Structure formats: structure tokens, C-alpha cells
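S.K.: Keeping the supplied structure of chain A fixed, place chains B, C and D upon it in accordance with the hints.
Below are the chains, spelled out letter by letter.
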Amino acid sequence: MQEYREKERDKEWLDYRKGREVKTGLGGRWGRWATTLRGHWDIFKRNRLGLFGLVLLIIFAAMALTSYIPPLIDTMYDPMTGVDPDILWTQGPTKAHWLGTDFIGRDILSQLLVGARIAFLVGITAAFMAVAIGTSVGLISGYLGKRVDMVLMRVADIVMVLPGLLLILILSAVIGKLSVWNLVIIIGLLRWASVARVIRSQTLSLRERPYVQAAIISGASKGRIIFRHIGPNVLPLSFLYMTFGVTTAILVEAALAFLGFGDPGTVSWGMMLQWVWKTGNMFRAPYWLLPPGICISLITLSFYLIGRALDEVINPRLRQR
Amino acid sequence: MHLGKFILIRATQIVVSFFIILTLLFVLFRVAPGDPASMVIDPQMTPEDVEVTRALFGLDKPLYQQYLICLKNFVKGEFGSSFYYGKPVIEIIGEKLPNTILLFTTSIILSALAGISWGKVIAWRRGSLLDSSVTVIGLVSHTLFLPWIALLMVWVFAYWMNLFPLSGMITPELWLNPETGITMKVLDVLHHMVLPLSVLFTIHFGGFMLIMRSSMMETLKEDYIVTARAKGLTERQIRERHAAKNAALPVVTTLGLSLAFSINGGAITETIFSWPGIGRELVFAVSNNDYPLAQIAFLLIAALVLVANLVVDVLYAYLDPRIKY
Amino acid sequence: MGIGKMCRRFYRLCFIFILVPLFLWVAITPSHGAGIKIGMKDEPKTLNPFRASDTWSRKVVTRFFEPLYTREPKTHKIIPWLAEGYPEYDEATNTAIVRLKRTKWEDGSPLTAHDVVFTGSVIREFKVPRYYARWRFIKEIEALDDYRVKFVLERPMAIFLPRTLMTFIVQKKKWEPVVTAARKAEKPLRCLLAHEVKQPMSCGAFTFVKWARGAYIRIERNENFFATGMEIGGKKVGPYVDGVLFKFYGSMDSAILALKKGDIDYYWASIQAGYLKDLEGDRRFKVFKNDKNGVYYLAFNVRKSPFSDKAFRQAVAYLIDKDFIVIRVLQNEGQRMDNIIPPGNGYWHNPDTPKFGQGMKRKERIKKAYEILKAAGYTWGKPPINAKGKVVRAEGLKMPDGREVPPLDILTPPADYDPHRAMAGMLVQQWLRGVGIPASSKPSSFGSITQQVKVKRKFDAFILGWGRLGIDPDYLRTFFHSREDRLYGRNPMGYHNGWYDNIADESAATMDETKRRELIFKMQKFIVEEAPYIPLYVPYVVEACRVDRFTGWNEDLDGVGNRWSLFFIKPAQ
Amino acid sequence: MRENDKILVDVKGLTKIYSLKRNIFSRSREFVTAVYDVNIRIKNGEIFGLVGESGSGKTTCGRILSRLEEPTGGQIFIKGVDIRLLKGQDLQGFRKNVQMIFQDPYESLNPRMTVADTVMEPLEVQRVGDYEEREYRVWKALKIVELYPPGDYLFRFPHELSGGQRQRVAVARALVVEPDFVIADEPVSMLDASIRAGILNLLLDLRTRLGLAYLFITHDLAVARYMCDRIGVIFKGKLVELGKTERLIGNPHHPYTKALLSAVPIPDPRAERERFRFEERELPEQTFDRSCVFLPRCAASGRICRKESPEMVEVEEDHYSACHLSTEM
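Protein sequences appear in the order of chains A, B, C and D. Our numbering puts the first residue of the first sequence at -18, with every later residue one more than the last. Our numbering puts the first residue of the second sequence at 307, with every later residue one more than the last. Our numbering puts the first residue of the third sequence at 3, with every later residue one more than the last. Our numbering puts the first residue of the fourth sequence at 47, with every later residue one more than the last.
Please note that a few of the clues may not be correct.
Simulated pairs of lysine-lysine, DSS-like, Cα-Cα distance not exceeding 30 Å [said to hold, decoys possible]:
(1) A:K127 <-> D:K52
(2) C:K390 <-> C:K400
(3) C:K43 <-> B:K367
(4) D:K58 <-> D:K189
(5) A:K(-8) <-> D:K142
(6) C:K200 <-> B:K393
(7) C:K189 <-> B:K367
(8) C:K43 <-> B:K491
(9) B:K382 <-> C:K47
(10) B:K378 <-> C:K390
No wet-lab data here; the hints were simulated from the structure. This one's a predicted model, so the numbers in the text were calculated from it and none came from an experiment.
Chain A extracted, bound-state conformation (with noise of 0.2 Å):
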């Protein structure tokens, strides 16, 4: 003790201060980040198809960001309530409408666009609850064991089962009006368990990893322990699993849409076809058919590819050599 209170006194000590104070902090700490990234990105860009889920993202994200523009050109490109004056009935596409209209006359285009805003808006948002509940579920259960983790994951147990699809369409039919953000919420609640399932064995061997017995003779309590020591280290992988859980919620959405469940309020790609289909253009109106499948089917095709290349750098044993 008597050696600590002589700080003021130690000469190297505060030659040292001095020295922290004039260079930036932590800085070295970033730098570090940087080249972690580096590295990921060298493995990442090794994987082709990883790659090539990368430039789809990419351009899915552009298509949501210039949704925005079709309606400042004219009200008629409002995807839910702008209509063509001129046009009464679906069209296929021409000058003013380049992938044509639907049964209203509203621009399947501009739809499509805002789709891409809907789909990254609930996919992400539902993957990262998801995964965020997973996580928090995963890593309380593995470290505390006992009890708490029997309940945790009996529970996880009969969620993971759950024929998801069917339990949100019965939660849409009683809430009413199924928003997006409820929708976001549900998926959510119903996702996170196959994710808590990994965390959670995650979770069981880095327990018993020295450097957490460490803390815990240090005298860190549960929760420091759980989410200083263990949560950085299962953070990857969680994310991991986001990259996989924006595909499943991209598809809920649009599956729930399309069978009539969906937010009435938006336009999203699953809507578009349950409007073609119900509407009776599906063999009539390729043009109107074949853009929100493909859409569809292309955005989850890039987040599982991101996955899998973002699984390889992670785990390095899939590495191929």
C-alpha cells in the first residue's frame, strides 16, 4: 500500500503520463481493428461466391436507396398510392414505366425499389433482435448452467420447433393489423434460438477457459464476466448468424405477404405477387411476375453467400487449403 501512495513522487511515472498524454490515447487499439479487418477481408475476398453475394448486396442497397426518388418525379410514382393517370389496367413495360404497371396503374418499378428499402428494413432489423435476444439467452444460459439453463433452453427448445410461419400468420390474424414493426418484433421473439443454441455451447467452452477463471479469481461478477470476457468473444460469431437470420426474415416477410398476412400499409416484394396473384395477372403479366421473385430469391442469395464466406474467415478449420 505504502508503495502506491508515492505516485506523485515516481519520476518515471510521470514521465510516462506526460508521454500518454501527448500521443492519442488508445489509438493503438483501432489500428489494431484495422488490420484484423484487413486480414478477414483478405480470407473474405478468397471466396467467390462470397464475393459475388457482396456486389448483389451492394446493389440491392442502391435500388433501396433510389426509391426514393421515383415519387419526387411525379406523384404517380408512388409506389403505394401514386397512379397513372393514362394507364387503367396492368401494362407491360414502356418509356414512362420500365418494368410496366400493376392492376391500378402504379409503377411496378417504383414498387420494387421501395421493396428493397422494406426487405433490408425488416430483414436486418428482425435478424439483429433476433440475434441480440439469442446472444443475451445464449450466454446467460451457457455460463450460468443449473437451472437457469435447463429453462432457458427447454424453452429454446420448443421455439426452435415451432412451425414459425404458421404461429406469426396466427399472430398476424390476431393483432389485426400486422405492421412491419411487429412483424420485425415476432420474427424476433421466434428466431432467436437456434442462435442461443450456439451461443450457448459457444458460451460452455470459453467458460472454462482460463482467462475467464481468471476473472472470476479477480472477482468479476456475473454479469462483467458475461459480457466482458465471454460476449466479445461469441460477437462474431453472432454476427455470423445475423447474415443467415436476415435471409430467414427476409422470406417470413414475404411469405407472409404473400399469403394476405402482410402490413397493408407497404409495398413489399411479397405483396407485389400476392397482388399478381390474386388479381389474376400471373399468366398474363410476366413483366409483373418474374421482378419480386427474383428479387427476392437474389437478396436472401447474398446474405447466406455473405454467410458462408463471413463462416469461413470465422471458423478457419472450413478454410479450404
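M.R.: Frame of chain A; chains B, C and D shown alone:
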């Protein structure tokens, strides 16, 4: 842990979760806006008629009483009557479930077998053109949007080429004809099954194949494969007897889990192809606010999945002695 | 292990699975058997006539059960059907005597007065929903002999002939055991309704043959049908077809494709405009467009301001361009409505009701609404018409009491359930905003609309529709009568008007048709003027039939799918 | 010196039994005794070595003493307090007094935390001083473990350090809260021989400077001889011999200790020593549950060895051995 005890524990767990789901569904449906009686917009329905109808369904009682009645009946094995059809739910399900099972087991078995055999081959020849092309096909299959591919198939094979019927399960004229033999009837059902089956196959094949491929590649790294080579076994023997057999294990586990997902997709497929199955019935019941039917149909599906998972777990533990519970 | 073997076996299986059915389609080309094949979207839920309330069940069940009186095609005049002549009504005692024709059930046993009495008593005893209201005022039913029934009414009721006596009749012999069993049950009505009719006893034109669940129902011509050979509306009643095969398709597109492929001869539902283009070009088909017996309307919650104000409602009526909705949204497959009773119901429809803003341009509409509102004391922060008389964006609409007009929600069904109503809601929203009314259209699920409108009765406005109104206009009374402003009532708007209640009650008690018609005309004019509903449009029922297979379709309200069509159609040569 | 004679750690009858889960298809449940009836006393400033082969339960002892695991039976007093009963605030205080150094320096540091984070953590948890105070202490601790200059190491990640440096960081983490008692679980077994001496000397040096007591767990008798004041030899969870280092090594009583000693390489190649067998042999049929644990390996067992387990007996002053035969001799 002893096997019997394990199954017992899991069975209790299934029963408990069952009742939790039942309660949840009950609560959900009762807070749902619009009861089945008020859903009827018919100028002939007087308010008194609506009240009578509600009493008919037991909706006039307080919520907790309804719940108790529901529980009591459930334990007694009475699953109530459908609001919409007016007949016992169990009868409706009894009519529809076999159709669903027919479609599902066939599609899952076919896609799992195809997935295993292709995954095996391409993992063996990893890096080849065959590998990359089949992998891409598998990836696309895994991420395809099911309703869309179903609509496309209808469009191409039923509308353009006129090869298969659009919907339903049988051709009424054929079945009404007393001269039609049993073979013809079976073939007729098969003929109707081809399109929905292909859709489900397309969707599930990719998943199984990708799992088999990665699992096979893991297995090929194991020492016993090297040993087998050293023993001088033929490549075919190694692939079939040593690698594929062990690599197929993870596919078995996913089989159980994928059941839940395939039932989701099944509901859509059944809706699009008007396949008179339980998934379509559930979608229908949900849009009609037919609580008892939706409730029991969902519970039944959930139970099927839970039990299937239990079976898979036990099977898996049996096949792989390293697994502990 | 045999994975390799399994795979080989699997490929062989695939081969069978894919190739055999591929060639099967040649073998299974649907043969044109005797009888007509009718496609339906969904399967009937029951053959129990007491329960059959859904569209699809009724389409089948009404083939077996016939009423005492029915309506002639086209003119909708009531004609005796199972009955012989019109009821002999004694005003002093409120007693009616109905005589029956000598008719038979399909099993050959006679249809007697006892069957009629039995049917009526069952409905009254069990309070069968949907039918009880029309039998409640009957004090007594009695069979005077085998072919005469005596009805004693509590008071004169206009609906006695067009509703009570148009109820289907069931066979006493067949139903007696069911009813006896139901009486003993815990919930008698439930037991009665849950009774599964396996083989309905028909007195109609067809008899039941087979129901393969999920696939089809087959019915055949009833050789004992009493009306065969009768002349109705200048045509001889058949049926001329051997039978009907009802097939269920589940979705419209597969049904339409089946129609085109020749799997069915007629699809019993209104066809979406999207499919029409193909069918109209095909010479095998004839496309029929008939009025739907229904009305689609915008209704207000008149309990609270601003919709409690008649002037405000009328201003809204002026702002709504019904013709625009019909042309744009319905693609011209319908007509505008300025009345609750559709024009197809010629006898009861009053053509002389106010037609708010017909033929007006948008600017004129805004001006008119502006004037009405201004006269009623509404003020604006920035009025929709500026000093120079130009239309500008209006802001800050205030009610006469000085409060701002609150945001108003217009509930509509979602676009996938009914694109027309959803679109109409969106348009109305835009039009109302034109004068500064802060309206927004809210697509909601059907259940949640009925919950808000009928149960909680907390809403601003909604767009819904009535279908299957029936020919008798008694509904006009119930939609706006203050007695119906209650839980599940048919007047959820909360409209109250003493004068209307009186005249409506009077119409209900007037058994003389001409006098009743006058009252009904007055009611129509009054209620359209009052505008608790703004009728918007009624779509056509668009149907396509294979005229190369069958001819003689009977066009009527609600399309060609009616009993007369099935009585009249003949196989084409 | 009297101060140092005070007993710091007193372990009485420590027992730990694990129950094993088996495959669901097998019926029985098995129990494994990891530690059985171990009694140890460690004085202030003393280095006590616990020696045994892998799986002998020595690490379990260490983990129980640091309260990473709960014992099945027995009592443990540290500074006169039964640590099994500690909770909340008292446990926190205990954490400050007892620290541990782990075997694998590659695993004992969180790969996502800098040296500063790692070493500072105990201070943060114990809420010692403000940030500046903590940083100073960390800095100081790094200096003590000879990571010099400390400023260069503070913001590095573990993978940027060598094995020896990491172990020094681990030591710094243990020291920064100024504990009285450190459990060192094979601190050098994963390190290159060249670095070992440095770490060992550091630990010895710290004892003298800070007056620490160690429980030094190792499988290497040579290391134990170099480090420890007293040594306990543990075999299959049972303490078989215990005594002052010099006496125990110079005059081992238990056959197992002898066997261990015979395995230590001797610099003189010509020196001949009796070799002990390490492989187990089959037991004669008539064996009782309470037989001597060493029986399967013992060359010179008598009939009594099969019947009952030997007690710890003081064979010399402060030198105990648990062998029927050693007492007879």
C-alpha cells in the same frame, strides 16, 4: 442417463410445452379482434342471432371459464368443434392430415436422399466443376422464395406445357367412373402430386445437400479415412462405407428440425396447389377466425414436430455412441 | 452399408415418379360425361340446411331444399312453388292459410303440411340463427290437413310472404330423430347445427350422390322433381342436365385455367377483371355481366362530431367522385350507387334519390363542399378556395364550435382482401384532404374492422359492403333503425331519427305491396339525403360460361349462377 | 519470524467427488473421487508444493482453494475464515487475498483485452481508487514483473506478446491487488525451458519482496525442489507423503515418491538408481474397496494393503507418509 428416463423427461417436457402453447394460443385468440360470430356480415343476421351464435361457441362465458372448459375438454381428448364447419375438429383433421403426411414424407425422403447422394459425390470431388456447379444449384435452391417458384412451376408446367393438373389431389371424373381401377387412381394422385412435390423438393434439396457436403468434407479429414486408404480399399468402398455413412449423421438431425420449416413451406405449397392438407386448412382457419380448428391444427403440427425431434434425438444417440445427454 | 444401393433405388423411384405421371396426362383427359361441371373456389362446409350460411354450402344445399314460394326470374314476382296459389290472409284474425301442391320427396313419399309445420316449429323452438327472426312473429302453425297449413301471426308483417314463406322445407320423417336427440343435448341448437347430413332428403331438382372431401360433389337429376315441365317466365323447367359435378379449386387462377382447359363448364363466382381479356377473346365462352345484389358504402360514426353534422356528411358526399371510383378502381366493371337498394332490384329501387355531385369536376366539388361547410359555420386557417376563386391547399379546418377537426381514420379492408375498397379508401382520403379534412385511410383486417365497428363502436368512418341483400327491401329498415344501434347491431353508425323509425316500422307492418313500395321509396330518398351511409358503387358479377356446351343461361341479379339457370340450361347441339 | 509461523491456509479433510454422465443408453451413473481427505497447512510466506502426476487431483485442490469449485466435503480456513461459507462482500474480500496463476499463458489472457484491461480488471472489480490510481498500480505491477518499460506493454494484445511475457502479465494480474496467498497452477509447464527460470525466479523474488505465500502445483519434482519449502505428494486424490523439501527428496518414504524421484533425470549418467514401474498391473482377486490407492502399482505390497487404506503417519519430524510398509520399516 438411462434411455427410458431420457424419453420420459422429454415426453413430460413435450406435454408441458404443449399446454403452454395451448394456453398461449387460447389467450391469443381470445384477445383477437373480431370473434367468429361478429365476422359474419349478412343482412339476415340479427343481433340476437349473433348472441345466440356466440353462446353456441361458448364465447358468452367469462374468459377463465372458457379456458377451463377448453383445458378440461383437451384432457378428455375432446378437441371441440370448428366454428366454421360446425363439426368436430378431430374429424376435419382426420380428413386432411393423411394428405399432408403423404406429400410431406415423400418430399422430405426424396429430397434427403437426393441431397445425401449428391452432397456425397460433390464433396468427394471437391473443387471440380461438378462441385462448384452443383453447390451453386444447392445454394440457389436453399434461398429460393417458395411461393414464387411454385407460381413459376404452375405457370410453366401446368399453364404453358399443360403437363400437370393445376390443383387438387384427384380428377373427379376419373374417380366417379366406376370402371376406374385402383392403379389408375393411384397414378392419378401421383400425377397431381408431381408439381407440389417438385416445389418442396426444390426447396429442401439444397439444404440437405449443403449439409451433407460439409459434413462429408469434415469426415474426409478424419484419420480413419487415411487408414482406410492405407489398407488399400477402393475409393468407392472408402466413400460409401467409411465416409458417407458417418457423414450422413448430421443430416439425420437436420431432418427433424427441417420438419418444422418444411411445414411452414408446406402451408404455402398446399395453399397454392389447393392440396387438401392441414396446412392449407390452418391458413384458411386463421383467416376465418376459426379458433378451435386453428388451435388444434397448430398444436397437432407442433406436436408432430416435437415428437419427430425426440425420435431423431434418440435415433441420433443410438447411431452415434459419442452423444451424451 | 447400402447407401449406394439406396441411391440407385432412389433414382429408379424418381424415374417412376416423374416419367409415369408425365405420360399420364394423355390418359386422363377429362371426358365430357353427362351433366354440367361447375367450378367453385371453396368447398361447402356442410349439407345441413340449418347451418349452411356460407356462399359455397348454399350453392349446393339449395339444390335439394325448396321453399313454399319463390320469385320469378327477371321480374322477381313472388310465385307459388311448393304451395298452390297465394296464401289466404284474414286481416281481422291475422291468420293465413297456405295450400300445398301434391309434391314428393326424392324417396317418393309425399311432401305434406306436416313437413312445413315441422320445419317452422324447429326454427322457432331452437331459435335457429338467420331464420328465427322471420318466424318469431308467428304465433301458431297448424296443419289443417295433409295439404293445408294455418299460420297465425302476432301482427301484420310485411316479410311474412317474402321471407317466412320462402324458407326451405325439410322432411319431418328424416329430421324427427335428429331433433329429438338435439332436445336432449346440453346445447340443443349446437347439436342440431352440428348434425352432419350425409344424405340430404331432396325435394328439389337434384339428388345428392357423392361428396369426396377436398375434391368434388356429385348430384344427379331428381326424377320426382315436382316442377319439371312447369312453365316459368316463358320457359319450361327442366332440369335438362343429368347432373352437376361441383369441383373445388381453392384459387381463382386454377379455376380459370380449368375453365379454359375444359375441366369445368362454368365457374360459379365473379371473375376478376384480369382474367377476362383471355376469356372474352375465346369463342367457346360467353361472358355475362350482371348487377350484384349488394352495395359498397362509406359509413360514418354519427355519434360524434364532425360526422354527427349532416352538412359535413353531405360535403363529404359532394367530394367523392363515384364515377371516378367506378372507372378507375372497378375498371368500369360496375356502376355508381346513389341508393342503398341496387338498381337491379327494379321493383323496390327508387331511381329518384339525391345524386350528390354527379358529373361535377374536382374544382366544382371542392367549391360546393366549401360552400356547404362555410354555411354550416366551419372555418379554415387557410380555406381551400382563395380570394381569387382558385383552389389551393386548405389548412386548419375548424368546426363550428371552434375546435379543430380531429384526424379521421377511414377503415378499409386490406388490398389483398379487396383491392377495390382499399383503393377507394385511399382516393376518399385524398379527396377529403382537398378541403382540409385530415382523413387517412387505414387498411385493417376484416376482423379488426368488425371489432371496432360492431363491438367497440369506436371509429370515425369505414368502407364496407353488403352482399346477398335479397330482393325484399326489409334490410333498409334494419340498417338505419335506432333499435339496431346496439352490440352487433346492423346500425353501428349510431344513426337515430324518430321520423325514420316510425316510417320504417310502418313499412314492416304493411302487407300491401304497393303501399309498402311507397313507404320504401320515401325511406330511400330520406336516408340518402341524410347520408349516414354514402353509397359508393356496386360491382358487376362477371361470369363466363361454356356456351358451346350449354345454352339457356338465366341472367339475373347476382349473375347466371341461380336456380333457374340450372333448371333451364340445355346441352348445346 | 514468529509472524511468519502463523498458519495462513488450513485445509482439513478436503474431498471432491464428481459424478459422471454417461451415454443415455448405459444404465449406471459413475462417481469419480478427484480428491479424498487431503489435509494441508500453509504458513505465512511459505511456498508449499503439491506434486503429482496428471489426473492426481492437484489442480482440483488449487481450484477449490481459489473457490472456482465447491468441495464435496472438508473445511478450508484461510486467515481463519472458512471460505466455503463466504458470500457477497466477504467473498469479494477473499478474492483480494487469494489469487491464482494459470498453467497456459496462451489461454489465461482474454484475447480481446489489452494488457492494461487485463491487469486493471481486478482493481476495477474491487473498486480500488480512481482510474489514475488504478493505472498507476497496473503500471507498477508491470514494472514489478519486469515488463519494462511498462508503457510499451500496457496497450498491447496478448497475441503480440511472447509466452514468457504473457505469463508475466498473468503474474502481474495476480499481484496487482496485493494478495497474501497465490495459487500457482503449473505456471511454467507450458513455457520453454529457457524462460522457465526467469518466471520461477520472479516468483521467488516476489515472495521475498511482498511476503506472499504460494501453493505451487507442479508435476515436476525438480521444479518443486527448486521452489518449495515443503512438498506434498498426491496420488489419485490422496495425499501420500508430506514433508520439508530436503527431507522428502533426500529420504522419501512412500513408494510413489520414490518412483517419482527415480523418474527425475540425473545429470550424472553413470549414477544408477532403482527404476520404478509406472504401468498398472492387474489386481489380485481378493481386493477390498478400501484398499491402498497405490496398490495397483506397488511392487512391495503386503496383505494389509489390500484390506485397508493407510493413514498419514509421522515418520520423522514434520514428515508424514501414508504407507503400511513405510511404517513397518
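S.K.: Each of the hints needs a verdict: does it hold here or not?
M.R.: Results of checking the hints against the structure:
1. Proximity of K127 of chain A to K52 of chain D is assessed by CA-CA distance (about 39 Å); at most 30 Å being required, the pair is judged violated.
2. Among the hinted pairs, K390 of chain C with K400 of chain C is consistent with the structure: their alpha-carbon atoms are about 22 Å apart, no more than 30 Å.
3. At roughly 35 Å between alpha-carbon atoms, K43 of chain C and K367 of chain B are farther apart than 30 Å, so this suggested pair is violated.
4. Restraint check: the Cα-Cα separation between K58 of chain D and K189 of chain D comes to about 38 Å, which exceeds 30 Å; the hinted pair is violated.
5. Of the pairs offered as hints, the one joining K(-8) of chain A and K142 of chain D holds, with about 28 Å between alpha carbons and a cut-off of 30 Å not exceeded.
6. For the proposed pair K200 of chain C and K393 of chain B, the alpha carbon gap of about 13 Å is at most 30 Å, so the pair holds.
7. For the hint pairing K189 of chain C with K367 of chain B, the CA-to-CA distance comes to about 14 Å; that is within 30 Å, so the pair holds.
8. The hinted pair formed by K43 of chain C and K491 of chain B meets the criterion: a straight-line CA distance of about 24 Å does not exceed 30 Å.
9. With a CA separation close to 26 Å, the supplied pair K382 of chain B and K47 of chain C stays within the 30 Å bound.
10. Using a Cα cut-off of 30 Å, the hinted pair K378 of chain B and K390 of chain C is violated, with the two alpha carbons roughly 75 Å apart.
Hint violations for this structure: numbers 1, 3, 4, 10, all remaining hints satisfied.
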